[in-house]
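Given chain A, work out where chain B should sit, using these hints.
Here is what each chain is made of, one letter per residue.
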Amino acid sequence: MNSLIALENVSKLYRRGSEEVHALDGVTLDIAEGDLIAICGPSGSGKTTLLNIAGCMDHASKGLVRIRGEEVERGGERRLAEIRQSLIGFVFQQFFLIPTLTVEENVELPLLFSHRKAERARTAELLESVGLGHRRRHRPGQLSGGEMQRVAVARSLINEPKVILADEPTGNLDSRNSKAVVELFEALNSKGIAIVLVTHNADLAARCRKVVHLEDGKVVG
Amino acid sequence: MKLAKLAFNNIRRTPMRAGLTAASVLIAAATLSVVLALDRGYARAVKSELVDKTGVHLYITKENCPIEAASVVAQGGLSPLYVEESLVAVAQSTEGIAAALPFQLFAETTSDGTRTDILMGVTEAIREVRPDWVIEKGGWFEDGDSVILGAQIAQIELAKVGDKLYSEKLDKEFKVAGILRKNYSQDDGMIFLPLDTAQRLVKREGRLSAIAIKLADVGAMQEVTTRLRGSIAQDYSVIGAKELSEGILGFFAATRMIMFVMVGVAFGVSIFGIVNTMLMVVMERRREIAYLKCVGARREDVLRLITLETLIICLAGGVGGILAGAAVTPAAGSLLRGTLVGYVPAGSIAAPSAGIALLSLSVAVAAGVLCALYPAWKAASIVPMEVLRNE
Chain A
1 MNSLIALENV
11 SKLYRRGSEE
21 VHALDGVTLD
31 IAEGDLIAIC
41 GPSGSGKTTL
51 LNIAGCMDHA
61 SKGLVRIRGE
71 EVERGGERRL
81 AEIRQSLIGF
91 VFQQFFLIPT
101 LTVEENVELP
111 LLFSHRKAER
121 ARTAELLESV
131 GLGHRRRHRP
141 GQLSGGEMQR
151 VAVARSLINE
161 PKVILADEPT
171 GNLDSRNSKA
181 VVELFEALNS
191 KGIAIVLVTH
201 NADLAARCRK
211 VVHLEDGKVV
221 G
Chain B
1 MKLAKLAFNN
11 IRRTPMRAGL
21 TAASVLIAAA
31 TLSVVLALDR
41 GYARAVKSEL
51 VDKTGVHLYI
61 TKENCPIEAA
71 SVVAQGGLSP
81 LYVEESLVAV
91 AQSTEGIAAA
101 LPFQLFAETT
111 SDGTRTDILM
121 GVTEAIREVR
131 PDWVIEKGGW
141 FEDGDSVILG
151 AQIAQIELAK
161 VGDKLYSEKL
171 DKEFKVAGIL
181 RKNYSQDDGM
191 IFLPLDTAQR
201 LVKREGRLSA
211 IAIKLADVGA
221 MQEVTTRLRG
231 SIAQDYSVIG
241 AKELSEGILG
251 FFAATRMIMF
261 VMVGVAFGVS
271 IFGIVNTMLM
281 VVMERRREIA
291 YLKCVGARRE
301 DVLRLITLET
311 LIICLAGGVG
321 GILAGAAVTP
331 AAGSLLRGTL
341 VGYVPAGSIA
351 APSAGIALLS
361 LSVAVAAGVL
371 CALYPAWKAA
381 SIVPMEVLRN
391 E
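One line per chain: the protein sequences are A and B, in this order.
Numbering-wise, this note's numbering puts 36 at position 36 of the first sequence, and it's gapless, one number per residue.
Numbering-wise, this note's numbering puts 123 at position 123 of the second sequence, and it's gapless, one number per residue.
Just chain A, same shape as in the assembly (with noise of 0.2 Å):
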């Protein structure tokens, strides 16, 4: 399969006052389409700083990330957004939805900054496929967290991503509303879109393919 995100020897220190903490040590991770990874691992262990250096929000102290055989450090902001704009999508444990837009504005949210044109039919659709056609003029203050959730996967699609990175996306939810989302995710990733998950969640780790075990940096299983 194609490499989308390729992560050479990435190493990312960040410093604390006097202090120098290695978040991650030497990591090497290929995400190719249409991947099932789980990142697993202790708090403090670098899972989040990983997936943000993937999802090209933060840059490597060392090493090489690569998008489809392109360095990434070689482009400046500009390019970073486009990459995020048009590669990546992208779920937190916090869903971020701007409460004074009704859902389907949420959903169609990345498309102001891609200058693309909101298709309201493309957007009921993301909706029916995340089960909340029904809830399309609601506010987020009216949906349940498992509802909003499910929003912000479909935001993360609107764009027509080749990854999804989701950092504890079940974090926030209890376990039918953390079960729809998983198997959203499967859903998704049946159609060849990668899905990369932070989590410490040990039964969703179990339902993918690839699982990578971060400690204290390292890649250690």
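Be aware that one or more of the hints could be misleading.
Claimed, not checked - Within a straight-line C-alpha distance of at most 25 Å, the following computed DSS-like cross-link-like pairs (lysine-lysine) qualify:
1. B:Lys137 <-> B:Lys160
2. B:Lys203 <-> B:Lys164
3. A:Lys179 <-> A:Lys191
4. A:Lys117 <-> B:Lys5
5. B:Lys2 <-> A:Lys117
6. B:Lys182 <-> B:Lys160
Note that these hints are calculated values from the structure, not bench results.
Only chain B this time, still in chain A's reference frame:
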């Protein structure tokens, strides 16, 4: 969805805060539009009454300073400066002068201090010099004890032709010989009396406040002025009505400056308010802005969003401000009229205009752009992962 809609929706999230910020812009824009309208109105009224309406082209005064000369004409008080009456003959014999009006101005305040009347001693030359000075009822002075009343003062005194008016201060009774047609100038509030009576009352026989001159040809003003200056002593001054009006506007400069300082303070407070509000907005929405960047918002998108939010608030405040300004300008004009020192035009001193409204709105919008710069830059500088990691 458009960026404007997103910005508008964001503002709606904190309606009270946005409303109060817009209110501060409203106050600043209203203050500006009122001050500009009064500034324009006063200048226009002075010019209209002293230059356009009077028909007077030149004045001969004692002092070689138009502002001092203006005080003679405008304040109505008995100035220590005076012009010898013999100059009237010099003026009348000067080529190019159609008519010369000698006059003596003085003011009398009622014993209870509630009203000051301006009295003007004139000759029949006033009819030639001042075409808008028309006796509507009655006629010219019958004797030295008769007066002609301006339309407004006649109305206040409920005076008719033939009535007697007693001046407590002067201890003198006057008979109303005539009442002027309203001409919306200072004449409406003045009392006219024969020149020699006025001179006697202020103990200045043979002396005048000034001489008003009407030219045969306005185009020859420069030549006539030069000619006149050559015929009179050096310590007299020949000034144009336009210069006189400018001199009067000079008295207004201090009031004007205070008004514009008020505008500056209002805008200063407003600017701090807007910057503070928008910084709070940015601080509160750091995670959301970080997320927008995650989904592809570029630095300039965030800059535009925050600037647009600021502009919407300022535009709303600015539009409200010009409407409020237009509504309160007449009342502000009346208020200013009561506090004016010096020449108080009879006509309205409030002159709002579309240009002033547009200028006030533009200043409010420009202030908005200025205020948006720092908060927008702060928002655009958000590094998504730092925010999402730390918060």
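**Asked** Taking 25 Å as the top limit, are the C-alpha atoms of Lys137 (chain B) and Lys160 (chain B) close enough?
**Response** The given pair, whose Cα atoms are some 9 Å apart, holds under the 25 Å limit.
**Request:** Below or equal to 25 Å on CA atoms is what counts here, so check Lys2 (chain B) against Lys117 (chain A).
**Result:** 10 Å, holds
**Asked** Are the Cα atoms of Lys117 (chain A) and Lys5 (chain B) separated by 25 Å or less?
**Response** 15 Å, holds
**Prompt:** Does the alpha-carbon distance linking Lys203 (chain B) and Lys164 (chain B) stay inside the 25 Å limit?
**Reply:** Holds. Lys203 (chain B) to Lys164 (chain B) sits at ~23 Å (cutoff 25 Å).
**Item:** 25 Å limit on alpha-carbon distance, applied to hinted pair Lys182 (chain B) and Lys160 (chain B)
**Value:** Satisfied, since the Cα-Cα distance of roughly 15 Å is no more than 25 Å.
**Request:** Compare the distance between the alpha carbons of Lys179 (chain A) and Lys191 (chain A) with 25 Å, and conclude whether the hinted pair is satisfied.
**Result:** 19 Å, holds
Of the numbered hints given earlier, the model fails none.
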